[in-house]
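Trainee: Chain by chain, the residues:
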Amino acid sequence: MNVQEYIASGVLEVYALGDLPAHERAQVEENIVRYPALREELARIEWTQAALLKQASIAPPAAVKQHLMQRLAPPAREGQTVGWVPAYWRLAAAASIVLAVVAGYLAFYYRAQWVRSQVALNEYMAQNQQMAQNYNTVNERLDKLQADLAIIENTQFTKVVMTGTQNDPQAQASVYWNKTTEEVYVSIQSLKGIARENQYQLWALVDGKPVDAGVFDGGFTGLLKLKNVKGAQAFAITVETRGGVASPTLSAMQVIGALPRG
Amino acid sequence: MKNKDTKALDYLYDHYAAALYGSVVRIVKNEDIASEVLQDVFLKIWERIGSYDPGKGRLFTWMINVARNHAIDKTRSREVIKSRKTDDIDLLVHKIDRTETGETHTDTIGLTEVLNRLTPDQRFVVDYLYLKGYTHTELAEEFNIPLGTVKTRLRAAMMELRSLLNVEDKE
Chain U
1 MNVQEYIASG VLEVYALGDL PAHERAQVEE NIVRYPALRE ELARIEWTQA
51 ALLKQASIAP PAAVKQHLMQ RLAPPAREGQ TVGWVPAYWR LAAAASIVLA
101 VVAGYLAFYY RAQWVRSQVA LNEYMAQNQQ MAQNYNTVNE RLDKLQADLA
151 IIENTQFTKV VMTGTQNDPQ AQASVYWNKT TEEVYVSIQS LKGIARENQY
201 QLWALVDGKP VDAGVFDGGF TGLLKLKNVK GAQAFAITVE TRGGVASPTL
251 SAMQVIGALP RG
Chain W
1 MKNKDTKALD YLYDHYAAAL YGSVVRIVKN EDIASEVLQD VFLKIWERIG
51 SYDPGKGRLF TWMINVARNH AIDKTRSREV IKSRKTDDID LLVHKIDRTE
101 TGETHTDTIG LTEVLNRLTP DQRFVVDYLY LKGYTHTELA EEFNIPLGTV
151 KTRLRAAMME LRSLLNVEDK E
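Residue numbers (the numbering used here), protein chains in the order written: chain U, 1 to 262; chain W, 1 to 171.
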């Protein structure tokens, strides 16, 4: 017999519902004994069924219990002759039921506890992961700030402030340029937005000729490293098609600034 | 001796009566008859407790089977089966009272919400088999669904309920 197929057929659910005719019931009971996987699955089904029916509970009228107890405890007959053995067995049966019920309840209770702690543990693990991520993000930003600050404070770097042209008089951006190592960093103070198909392009003026210093998108903070440049006298930014062009579109110049003399 | 006898029954009643009554009242659809059936069910359980075999399933399963079968027999004997099937049980579902057995489920989602998370097919079989007291063969015949399909749909519904109730039901 294929256990998985048997389980998938839904016969165990119908068994738990108490709906199978006697011969099919007997078959299921035989199979449960033979295949432990079926017993485990049945236990899960019974658990689900019990949980569902507990959800569907309706409190019966209080009188029902009273009537029931009255019917069960008829006026005690003091005929001691019949009392002994049945009484003993009844007590034993009662004790074993209580035991079974308590054990069942405890199993249910501890399983629920276990599930709950599992859920809580997963939550904490997720939170922990989230915090670690946040920490990393903050850490990266701090590293970036420290690196930027090191460049700004470094006297080897010359700051070139570029101010707006008539295209955008309010615009402003800066270049930090190291003459010796030829490194170039750009920082934006204010540049107007551009279309998606465009990019900013930084130009260095070297002996009166524009030299490409790299393209970049807006929307970053701090410093952005671009291409190394040798012997610049001034820097300018134009708006070009994405990827940059070989020579600058002068009509699209946003800012320009010359190196301080000396 | 007699007092000790009834203590076990007392315990069973306090823990399970509301769940059994919920099933019974939905099947017989009359609170007086349901009360009568519930009494009979507990008497039956008490008489036959010796025949309960823990190897064949949980005590609760055995009890709910006794209750469900007794309730179904009752509706048949009263020949109300036709009206039962045409009536709308939803009215009763709204009367659901939380169980007063000491285990309060204040942090669980309600039955209706649980059922609403099932697919229409799944909700249909759970509704008819668990709440309206149809047997699976009756359901198959009346709605012209192959018996195998009823079973596999019930299986799918129970799988879904298992994950829904597992997390939600903080016993």
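Mixed in with the good hints, there may be bad ones.
[Claimed, not checked] 30 Å max Cα-Cα, derived BS3-like pairs, lysine-lysine:
hint	chain 1	residue 1	chain 2	residue 2
1	U	Lys227	W	Lys44
2	U	Lys179	U	Lys230
3	W	Lys7	U	Lys65
4	W	Lys56	W	Lys44
5	W	Lys44	W	Lys132
6	U	Lys65	U	Lys144
7	U	Lys65	U	Lys192
8	U	Lys159	U	Lys209
9	W	Lys56	U	Lys65
10	U	Lys192	U	Lys159
11	U	Lys192	W	Lys7
12	U	Lys144	U	Lys192
The hints are simulated quantities; they were obtained by calculation from the structure and are not laboratory data.
Since we're looking at a predicted model, the values are computed, not measured.
Trainee: Would you mind marking each hint as holding or not holding in the structure?
Mentor: Tested hints:
1. U:Lys227 x W:Lys44: violated (90 Å)
2. U:Lys179 x U:Lys230: holds (7 Å)
3. W:Lys7 x U:Lys65: holds (13 Å)
4. W:Lys56 x W:Lys44: holds (18 Å)
5. W:Lys44 x W:Lys132: holds (22 Å)
6. U:Lys65 x U:Lys144: violated (74 Å)
7. U:Lys65 x U:Lys192: violated (81 Å)
8. U:Lys159 x U:Lys209: Measuring from Cα to Cα gives roughly 20 Å; hence the hint holds.
9. W:Lys56 x U:Lys65: holds (28 Å)
10. U:Lys192 x U:Lys159: holds (21 Å)
11. U:Lys192 x W:Lys7: Cα-Cα ~84 Å, so violated.
12. U:Lys144 x U:Lys192: Distance of about 24 Å is within 30 Å: holds.
Going through the hint list in order, the structure does not satisfy hints 1, 6, 7, 11.
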